[in-house]
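Participant: Turn these sequences into a full structure, and let the hints steer you where they fit.
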Amino acid sequence: MSEASLFNHPLHPAGLVLPDQVLPTHLFAIPVLGPVLYPTLILPMIVWHPGAIATVEAVLEKKITHLGLILNREDTVSDHPKFAELYSYGIAVKIIKRIKLPDGSIQLLVQGLKRFKINKILGEDPHLVAEPQYFEENQPEKSLELDALTRSIISHVRDLSETHPFFSDEMKLALINAPHSGVVTDIVAFALGLSKIDAQDFLETTEVKERFEKLLYFLKREQDVATVQKKINDEVNSKINTLQREFFLKEQLKLIKKELGMEEDGKDKNSRTFRERIEAAAMPEDTRKIAFEELEKFETLSEQSPEYNLTRNYLDMLCSLPWSVETVDQLNLAHAREILDEDHTGLEKVKDRILEFLAVRNLQTIKKKKLKKGSIILLVGPPGVGKTSIGKSIAKAMGRNFYRFSLGGMRDEAEIKGHRRTYIGSMPGKFIQAAKRAKSKNAVLMLDEIDKLSASYHGDPASALLEVLDPEQNHSFVDHYLD
Numbered sequence: 001m002s003e004a005s006l007f008n009h010p011l012h013p014a015g016l017v018l019p020d021q022v023l024p025t026h027l028f029a030i031p032v033l034g035p036v037l038y039p040t041l042i043l044p045m046i047v048w049h050p051g052a053i054a055t056v057e058a059v060l061e062k063k064i065t066h067l068g069l070i071l072n073r074e075d076t077v078s079d080h081p082k083f084a085e086l087y088s089y090g091i092a093v094k095i096i097k098r099i100k101l102p103d104g105s106i107q108l109l110v111q112g113l114k115r116f117k118i119n120k121i122l123g124e125d126p127h128l129v130a131e132p133q134y135f136e137e138n139q140p141e142k143s144l145e146l147d148a149l150t151r152s153i154i155s156h157v158r159d160l161s162e163t164h165p166f167f168s169d170e171m172k173l174a175l176i177n178a179p180h181s182g183v184v185t186d187i188v189a190f191a192l193g194l195s196k197i198d199a200q201d202f203l204e205t206t207e208v209k210e211r212f213e214k215l216l217y218f219l220k221r222e223q224d225v226a227t228v229q230k231k232i233n234d235e236v237n238s239k240i241n242t243l244q245r246e247f248f249l250k251e252q253l254k255l256i257k258k259e260l261g262m263e264e265d266g267k268d269k270n271s272r273t274f275r276e277r278i279e280a281a282a283m284p285e286d287t288r289k290i291a292f293e294e295l296e297k298f299e300t301l302s303e304q305s306p307e308y309n310l311t312r313n314y315l316d317m318l319c320s321l322p323w324s325v326e327t328v329d330q331l332n333l334a335h336a337r338e339i340l341d342e343d344h345t346g347l348e349k350v351k352d353r354i355l356e357f358l359a360v361r362n363l364q365t366i367k368k369k370k371l372k373k374g375s376i377i378l379l380v381g382p383p384g385v386g387k388t389s390i391g392k393s394i395a396k397a398m399g400r401n402f403y404r405f406s407l408g409g410m411r412d413e414a415e416i417k418g419h420r421r422t423y424i425g426s427m428p429g430k431f432i433q434a435a436k437r438a439k440s441k442n443a444v445l446m447l448d449e450i451d452k453l454s455a456s457y458h459g460d461p462a463s464a465l466l467e468v469l470d471p472e473q474n475h476s477f478v479d480h481y482l483d
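Each residue of the sequence shown is one higher than the last, beginning at 1 in this note's numbering.
The set of hints was computed from the structure by calculation and includes no laboratory data. Just so you know, not all the hints are guaranteed correct.
[Unchecked claim] Label-pair ranges, simulated between beta-carbon atoms: (1) A455 x A334: 39 to 47 Å; (2) V385 x R272: 27 to 35 Å; (3) S305 x A54: 31 to 39 Å.
[Stated by the list, open to error] Straight-line Cα separation of at most 27 Å, DSS-like style, residue types lysine-lysine; simulated pairs: (4) K436 x K392; (5) K117 x K250; (6) K452 x K387.
Idealized CB from N, CA, C, for every residue including glycine.
Facilitator: The following block contains the structure:
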């Protein structure tokens with residue numbers, strides 16, 4: 001067979017060339033991390049280890065073109081590698097070309113020649129030098145078993161050529177033109193991209209027949225993996241195609257129902273309802289813009305998507321807040337006194353203080369001064385003296401809605417500032433929930449048992465509460481859920 005027939009190997013433009021017949025009895029060696037090279041194959045490699053670079057330079061300076069590549073046992077090469085850190089088998093190569101790179105490393109183009117085993121260590125400092133035992137690549141005797149192995153390998157390569165990028169028509173041609181069956185096994189094994197341990201084990205297998213058996217096992221394993229991978233890809237593609245088909249059919253069904261005046265489906269009904277609620281909610285302009293953006297996203301989501309319910313709950317919360325609902329204050333002091341006396345006996349100082357508060361608000365209303373900040377009334381006393389009922393009476397006297405929630409035992413600041421919407425089961429904070437349930441934006445909110453707050457690793461709710469109650473900064477308070 002001519003040399004020209006070997007240049008069709010796809011693994012490198014130079015193809016396969018005939019190996020040198022004479023190899024040195026004293027072989028310089030360098031450690032490598034992979035891939036494992038086999039005889040007749042040509043491969044570019046980067047030499048970056050300082051010791052290995054020094055060995056290559058020393059070899060080339062002596063006009064020697066042969067080098068031993070031995071796989072390192074660990075995933076990293078030590079600063080001063082020893083033969084004990086390397087496998088005992090390696091590959092003798094011929095250096096075809098050397099290129100020095102700007103970072104100080106060297107790029108080599110090498111051709112695998114022969115497998116070898118280290119017979120004797122001749123030196124480790126400054127260079128790794130060994131006396132190798134080379135293994136000849138002899139063609140095994142023909143037999144029925146070898147023919148069966150060869151046909152099985154050809155069959156597996158033919159099957160893998162449909163899915164594996166390396167098993168192309170050029171690869172098949174290179175296998176046909178290989179000088180003997182040992183080269184065939186090496187070409188296929190290299191193309192499979194075996195693991196580090198498997199590739200080294202294959203290199204250490206010097207008998208061609210045994211390599212055929214191992215290669216057949218590797219091919220079967222690769223084909224099993226390819227079959228499972230194809231099955232997974234087919235299932236994924238089928239699922240995607242099914243979802244796309246369902247989507248297009250649903251869109252067509254919507255158009256048909258619209259033309260016939262039939263009922264909307266649940267999602268369309270929700271979209272229409274949310275749009276009407278947003279229009280009627282009289283939200284601030286920036287909030288209204290965000291609401292419509294979320295609605296547009298909601299309309300594109302599949303009902304099976306986890307984000308569908310999150311977006312629906314968010315829109316429902318936005319639309320449920322009393323953006324423009326406000327009760328008219330009743331500031332008749334006589335009526336307020338009557339309600340306070342009706343609900344409570346005694347507590348004259350408390351009643352007088354409440355009436356003073358109402359009188360100030362009445363005066364500001366008469367002068368047409370609008371209160372920009374809410375007021376905070378602190379009620380202090382032991383359990384059972386009527387603090388909560390006084391709060392209800394204040395709301396009743398002013399004609400406002402009333403909502404109470406307890407802060408006792410609260411440990412998480414998210415109860416005040418709300419949870420981020422990215423979490424499953426996220427909820428707004430207590431104040432936003434209170435505004436929703438009170439159904440007016442000027443309701444009387446009672447924070448009961450505020451002295452029972454406690455801090456934990458979740459945060460300090462008392463510090464978060466300060467932002468809500470401080471009149472200088474509570475106008476800029478934003479719940480995490482709504483943000």
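Participant: Run every hint past the structure and note whether it holds.
Facilitator: Status of each hint after checking the structure:
no.	hint	result
1	A455 x A334: 39 to 47 Å	46 Å, holds
2	V385 x R272: 27 to 35 Å	52 Å, violated
3	S305 x A54: 31 to 39 Å	60 Å, violated
4	K436 x K392	18 Å, holds
5	K117 x K250	69 Å, violated
6	K452 x K387	15 Å, holds
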